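With these hints in hand, go ahead and build the complete structure from the sequences.
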Amino acid sequence: MAELILRRVLVAIPTIIIVSMLVFALQKLLPGDPALLIAGEERDPKVVEFIREKYHLNDPVPVQYGYWVMNVLTGDFGISLRTDTPVTTLVAQKLPVTIQLAVMAMIIALLVGVPAGILSAVRKGTVTDYVANVVALSGLSIPNFWLGILLIFLVSVQLGWLPASGYVPPSEDLWLSIETMLMPAFVLGTALAATLMRHTRSAMIGILRSDYIRTARAKGLRQNKVVYKHALRNALVPIVTLMTLLFGELLGGAVLTEQIFTIPGFGKLVVDAVFTRDYQVVQGIVLCTAIGFIVMNLFADILYILINPRLRGA
Amino acid sequence: MAEPTDAVLTLENFSLRFAPGRNLVDDVSFSVAAGETLCIVGESGCGKSVTSLALMGLLPTPPADIVSGRATFEGRDLFQLFDSAMSDLRGSRISIIFQEPMTSLNPAFTVGNQLTETVLRHRKVDKAEAGRLALDMLRKVRIPAPEKRMSDYPHQLSGGMRQRVMIAMALVNEPKLLIADEPTTALDVTIQAQILSLIGALQEETGTAVIMITHDLGVVAETADKVAVMYAGSVVESGPAEAIFEDPQHPYTIGLMGAIPSLGRRSAKLATIAGTVPAIEAMPAGCRFAPRCPFAEPRCAEAPPLVPVGGKDDHRAACWFAPLEAHFSEVA
Numbered sequence: 001m002a003e004l005i006l007r008r009v010l011v012a013i014p015t016i017i018i019v020s021m022l023v024f025a026l027q028k029l030l031p032g033d034p035a036l037l038i039a040g041e042e043r044d045p046k047v048v049e050f051i052r053e054k055y056h057l058n059d060p061v062p063v064q065y066g067y068w069v070m071n072v073l074t075g076d077f078g079i080s081l082r083t084d085t086p087v088t089t090l091v092a093q094k095l096p097v098t099i100q101l102a103v104m105a106m107i108i109a110l111l112v113g114v115p116a117g118i119l120s121a122v123r124k125g126t127v128t129d130y131v132a133n134v135v136a137l138s139g140l141s142i143p144n145f146w147l148g149i150l151l152i153f154l155v156s157v158q159l160g161w162l163p164a165s166g167y168v169p170p171s172e173d174l175w176l177s178i179e180t181m182l183m184p185a186f187v188l189g190t191a192l193a194a195t196l197m198r199h200t201r202s203a204m205i206g207i208l209r210s211d212y213i214r215t216a217r218a219k220g221l222r223q224n225k226v227v228y229k230h231a232l233r234n235a236l237v238p239i240v241t242l243m244t245l246l247f248g249e250l251l252g253g254a255v256l257t258e259q260i261f262t263i264p265g266f267g268k269l270v271v272d273a274v275f276t277r278d279y280q281v282v283q284g285i286v287l288c289t290a291i292g293f294i295v296m297n298l299f300a301d302i303l304y305i306l307i308n309p310r311l312r313g314a
Numbered sequence: 001m002a003e004p005t006d007a008v009l010t011l012e013n014f015s016l017r018f019a020p021g022r023n024l025v026d027d028v029s030f031s032v033a034a035g036e037t038l039c040i041v042g043e044s045g046c047g048k049s050v051t052s053l054a055l056m057g058l059l060p061t062p063p064a065d066i067v068s069g070r071a072t073f074e075g076r077d078l079f080q081l082f083d084s085a086m087s088d089l090r091g092s093r094i095s096i097i098f099q100e101p102m103t104s105l106n107p108a109f110t111v112g113n114q115l116t117e118t119v120l121r122h123r124k125v126d127k128a129e130a131g132r133l134a135l136d137m138l139r140k141v142r143i144p145a146p147e148k149r150m151s152d153y154p155h156q157l158s159g160g161m162r163q164r165v166m167i168a169m170a171l172v173n174e175p176k177l178l179i180a181d182e183p184t185t186a187l188d189v190t191i192q193a194q195i196l197s198l199i200g201a202l203q204e205e206t207g208t209a210v211i212m213i214t215h216d217l218g219v220v221a222e223t224a225d226k227v228a229v230m231y232a233g234s235v236v237e238s239g240p241a242e243a244i245f246e247d248p249q250h251p252y253t254i255g256l257m258g259a260i261p262s263l264g265r266r267s268a269k270l271a272t273i274a275g276t277v278p279a280i281e282a283m284p285a286g287c288r289f290a291p292r293c294p295f296a297e298p299r300c301a302e303a304p305p306l307v308p309v310g311g312k313d314d315h316r317a318a319c320w321f322a323p324l325e326a327h328f329s330e331v332a
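From first to last, the protein sequence lines are chains A and B.
Position one of the first sequence corresponds to residue 1 (UniProt numbering), numbered consecutively onward.
Position one of the second sequence corresponds to residue 1 (UniProt numbering), numbered consecutively onward.
Please note that a few of the clues may not be correct.
What the hints assert, rightly or not - Distance ranges between label pairs, derived from CB positions:
(1) Phe153(A) x Pro20(B): 45 to 55 Å
(2) Lys225(A) x Ser197(B): 51 to 61 Å
(3) Gly218(B) x Met1(A): 42 to 52 Å
(4) Leu81(B) x Arg7(A): 46 to 56 Å
(5) Thr61(B) x Lys225(A): 17 to 27 Å
(6) Ala19(B) x Gly160(A): 52 to 62 Å
(7) Asn224(A) x Ser197(B): 32 to 42 Å
(8) Val274(A) x Ser151(B): 51 to 61 Å
(9) Pro20(B) x Gly160(A): 52 to 62 Å
(10) Ser197(B) x Arg8(A): 44 to 54 Å
(11) Asp83(B) x Val274(A): 51 to 61 Å
The hints are simulated quantities; they were obtained by calculation from the structure and are not laboratory data.
If you're wondering where the values come from, they're calculated on a predicted model, not measured in any experiment.
All C-beta atoms, glycine included, are put in the ideal place defined by N, C-alpha and C.
Rendered as structure tokens:
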């Protein structure tokens with residue numbers, strides 16, 4: 001099994017290389033001469049030439065790519081044109097925020113979506129199923145910004161239970177950090193819970209009809225054992241797939257939610273960078289997000305192997 | 001029906017439907033005694049599998065609707081039991097083997113896990129003891145290298161092996177009644193014979209009553225003590241196996257016998273029964289076989305009762321022409 005996991009890891013490497021090429025090409029495809037951009041007001045040809053030399057802009061593109069990769073590997077993504085801070089520093093500041101939000105949102109989505117999906121599959125066609133579906137549809141249809149604003153108004157302004165916005169690092173005050181993040185995580189999580197619920201439901205419905213579930217019942221097993229052992233274990237594959245994809249998406253940042261709750265995460269960083277044409281930052285974030293996705297997929301692959309014994313022999 | 005007192009299961013006047021209107025299974029009665037094998041024969045859709053699932057309490061109601069019937073097992077009517085009482089019987093007093101060995105085992109758990117679980121559900125033993133009982137059962141179904149098989153997953157086994165595991169699972173708690181729903185249909189011919197003889201051997205050892213459901217008269221010939229021939233939801237002929245084979249009385253049974261290919265008769269075209277089973281909405285009010293029956297006449301518009309036809313004990317047929325001998329002389 002270790003060998004199988006190692007193989008999956010090795011397969012991920014070419015994907016990362018291709019992604020890095022695309023990200024690099026993005027920069028090359030942009031209009032304008034980067035040297036002139038860096039030189040700014042000064043158009044002294046000597047300065048421009050110096051910059052070209054310094055940043056290897058006169059070298060062939062593959063060589064430039066090589067230099068870029070070397071830099072990236074040593075943690076140097078370049079410097080933000082707008083704020084003059086290294087991109088690495090920016091990412092290091094925002095990434096933990098985004099990860100915390102994504103993890104909390106995903107926990108909420110799992111706690112709500114999976115049990116609701118199981119329940120509505122087991123009670124298919126009953127009032128419970130109907131209500132769960134209506135709630136899920138509402139969860140999918142209600143825009144995040146609306147729910148966010150509503151929650152701020154109700155929970156923070158009217159009731160004063162939770163802080164309305166901002167961010168507190170968990171290292172500073174863990175409890176306050178969770179409290180501050182709870183509402184945005186809930187807003188993101190409910191939408192994901194609806195998606196998870198629908199997928200869990202359809203996976204469970206299919207499996208509950210299968211022959212081996214009939215066998216489990218024929219053995220006299222009780223409902224709980226049939227549903228939570230025999231059916232759920234097999235329904236986990238689509239649930240894990242969806243979960244990792246959604247999580248990857250969350251890592252890319254949740255622009256609207258971050259904006260409403262003024263959370264200094266990836267979403268806000270990338271929007272700001274795009275609007276100010278801070279390409280180095282955009283490049284750094286795109287690369288990080290893409291790698292995040294690949295890692296999540298790798299994680300899903302490994303989980304599949306653990307869930308499904310048929311994949312182990314291969 | 002006059003039933004022998006040692007009957008393990010007696011089903012009386014069982015009718016079932018899925019939608020208001022005609023019954024899909026209509027007034028079916030049969031019984032099976034300890035150590036005995038009752039074969040229920042009929043083509044697909046005749047209601048034999050549905051009857052077995054209803055007996056196991058595995059038919060969701062609704063949509064299924066048991067209109068009438070008693071299934072007496074150990075003094076209790078299975079159709080009146082609560083779900084929890086029924087699930088206590090399932091896998092312990094009554095077991096079932098299904099037609100689809102390839103998909104009937106859970107792919108996510110080992111053979112040992114699924115077998116041991118069955119023991120633990122119904123017996124007050126610890127895990128180690130349950131594991132021993134499971135392993136013993138795998139030996140009894142003659143699986144090679146049973147210790148190794150315990151930790152195998154279903155996908156690592158062939159169809160025949162999986163069916164052996166299913167049999168082990170069904171018999172591990174020594175049930176009084178085993179329902180085998182087309183247990184060999186999905187298997188190779190050579191494996192079919194092995195599985196049938198295995199079921200027979202285990203039955204002899206334990207005295208389990210077996211209800212064998214099949215469409216294959218070859219299986220019937222090999223295993224049956226008693227036979228019930230079903231057509232379109234009702235029993236058209238029943239009786240001891242020899243009587244049915246030597247002296248079939250219902251035109252449908254005769255048609256079925258004619259439809260067996262035989263090496264001896266290679267010249268003739270394979271006989272078939274003309275027409276197809278009518279859809280449930282189009283089912284005739286009288287004899288359900290009448291539209292396909294070569295002997296049909298006006299009185300067949302009324303349903304014939306299942307009556308004794310003389311000869312061997314308790315040989316019955318539901319046909320106005322039975323016993324055929326009397327009528328053949330008329331016709332001839």
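Evaluated hints:
no. : hint                              : verdict
1   : Phe153(A) x Pro20(B): 45 to 55 Å  : holds, 53 Å
2   : Lys225(A) x Ser197(B): 51 to 61 Å : violated, 33 Å
3   : Gly218(B) x Met1(A): 42 to 52 Å   : holds, 45 Å
4   : Leu81(B) x Arg7(A): 46 to 56 Å    : holds, 52 Å
5   : Thr61(B) x Lys225(A): 17 to 27 Å  : holds, 22 Å
6   : Ala19(B) x Gly160(A): 52 to 62 Å  : holds, 58 Å
7   : Asn224(A) x Ser197(B): 32 to 42 Å : holds, 38 Å
8   : Val274(A) x Ser151(B): 51 to 61 Å : holds, 55 Å
9   : Pro20(B) x Gly160(A): 52 to 62 Å  : holds, 59 Å
10  : Ser197(B) x Arg8(A): 44 to 54 Å   : holds, 46 Å
11  : Asp83(B) x Val274(A): 51 to 61 Å  : holds, 60 Å
The structure does not agree with numbered hint 2 stated previously, though it agrees with all others.
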